Amino acid sequence: MARLLSFAMFVAIWWIASLFAGDAKLPPPPTVLTAMIAEARSGNLFFHLGATLARVTLAFTLAMALGTAIGYLMGRVRLADRLGDPWLILLLNLPALVAIVLAYIWAGLTEVAAIAAIAINKLPTAVVTLREGARALDAALDEMATVFALPRWSRFRHVILPQLSPYIAAAARSGLSLVWKIVLVAELLGRPNGVGFEIGVAFQLFDIPLLLAYSLSFAAVVLLIETLLVQPFEARSSRWRPRAA
Amino acid sequence: MRLEVEIASKTFKSAAGEQHDVIAGVAFALNAGEVGVLVGPSGCGKSTMLRILAGLDPDFQGRVSRPAGARIGFVFQEPRLLPWRSVEENVRLAAPLADEPKLSALFEILELKAHRNHFPGELSLGLARRVALARAFAVEPEFLILDEPLASLDAALASRLRDEIAMLIDGRSVMTLLVTHDVDDAVRLGDRVILLSPRPARVLADLPIRTPRGARGEVEIAAIKSEIMRRIDGCPTKQGGS
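Going down the list, the sequences are from chains A and B. Using UniProt numbering, the first residue of the first sequence is number 1, and each one after it goes up by one. Using UniProt numbering, the first residue of the second sequence is number 1, and each one after it goes up by one.
Because the hints were derived from the structure by calculation, they are not lab data. Fair warning: this is a prediction, and the values are worked out from it, not measured in the lab. Don't be surprised by glycine CBs; every beta carbon is placed ideally from N, CA and C. Just so you know, not all the hints are guaranteed correct.
[Said to hold, decoys possible] Some chain B residues near chain A, calculated using beta-carbon distances under 7 Å:
1. A54
2. F60
3. R63
4. V64
5. P83
6. W84
7. L97
8. P101
[What the hints assert, rightly or not] Label pairs and their computed distance ranges (CB to CB):
9. A/W87 to B/E122: 15 to 21 Å
10. A/T146 to B/E227: 26 to 32 Å
11. B/M229 to A/A139: 32 to 38 Å
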């Protein structure tokens, strides 16, 4: 209910603002909706959204898997931490644009280059978060698992993973928003499809309804994934915690 | 199954870099089915010793011999349950081979029947201890280690839990090592009482109790207790603190 109200307020503010700014700069909601429906009818909207989503899924999965493994290693093994730390600081501060442009130069304007560039941008934040998680692992529970001779898999699944899951959820949440932002830049610079490509086209044609149609559809997909995937996962992984008021 | 312990010394390095002697010569042996009780003042290194005996701390001078691969049941001073798993899952994870009748019997004795599906965060300390006990007994241990299982419980609760522990131990004749600072618990539960000095720990006395646990009368218990107190007071470094 509160969410609906919040959405209605967004539309209202947009409509009022468009009255002041004029149709040319900020078209009112119905114009954008018409553009959106036209794009959906032609199938373009879903094709480009799909392309972007596929890139996001691949880059996100790759970065999370690698980031979790590297972060865990760095949190548990001192040598790995000392070796990896300078690289981590370099990657953390590498501007997204530099990674994308270099990837396109070195690997050509290919899908692999785009996904690798996006994953590289997200990787260091996942590593940093998971490293903190691995450092915070409870030594007392480790001892308990050793004494009771828990098998490796059971130890990983029931002792270590639940302790890491809040960190994994945090890395996923912040990483996802980072990936959403970067994927469009990568598409704008070197892909023939995807939401970023379409926004680039709309920008060159100064087609503002089209630009907004794609931006908002994209935002809707992000919101949907956030509510249907990320939040339930977070709720599940903290189910055992005594509820805060 | 026999446990032989000869720890010549164990030192700790504090965060400030100073050396602390925790154990300075502890030797004793424990036979199969025997309940040994380590009694000593708080902070005398009892818990450190248990970690060594359980194989968690290899960094000490001396020798500990126990059959390799013996199943150990350990009740830590803090219950050390997995907060994200239910009571039943906590027990089953440690003892995957335990069958349902055995678990229900354990939960029955330890009064946990109503709490099987609760999470540890929803339990009182007394109940969490019982879960830790259930976990340790569920693995059918060959060597059972109990670290202050009755500490920080009120007197009535402690005495009830003590009776439950006695019942569980009597039912299976498992080699047990119990650590406590309470002489009364020691005399009521142990077959052999090993008195430790304040830190760094040494053995002050090794006193076997011949009468079986169930047959000890109040008079006899009082006599053994006064004997133990005499030994403790007789030692050159007086028992400090508790």
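Right, here's what the structure says about each hint:
Hint status for B/A54: holds, given a least beta-carbon distance of 5 Å to chain A, under 7 Å. Evaluation of the B/F60 hint against chain A yields a violated restraint, the C-beta minimum of about 16 Å exceeding 7 Å. About 20 Å separates the beta-carbon of B/R63 from the nearest beta-carbon of chain A, more than 7 Å, and the hint is not met. Using the Cβ-Cβ criterion of 7 Å, the hint placing B/V64 at the interface with chain A is not satisfied: the shortest such distance is roughly 14 Å.
Against a cut-off of 7 Å between C-beta atoms, the interface hint on B/P83 holds, since the closest Cβ of chain A lies about 6 Å away. Against a cut-off of 7 Å between C-beta atoms, the interface hint on B/W84 holds, since the closest Cβ of chain A lies about 4 Å away. Of the supplied interface hints, the one on B/L97 is violated, with its beta-carbon coming no nearer than about 12 Å to a beta-carbon of chain A, more than 7 Å. Here the hint on B/P101 is broken, as its CB sits about 21 Å from the closest CB of chain A, past 7 Å.
For A/W87 and B/E122, the hinted distance range of 15 to 21 Å is not satisfied, since their beta carbons lie about 44 Å from each other. A hinted range of 26 to 32 Å for the beta carbons of A/T146 and B/E227 is inconsistent with their spacing of about 38 Å. Taking 32 to 38 Å as the suggested C-beta distance range, the pair B/M229 and A/A139 conforms, at roughly 37 Å.
Of the numbered hints given earlier, the model fails hints 2, 3, 4, 7, 8, 9 and 10; all others are met.
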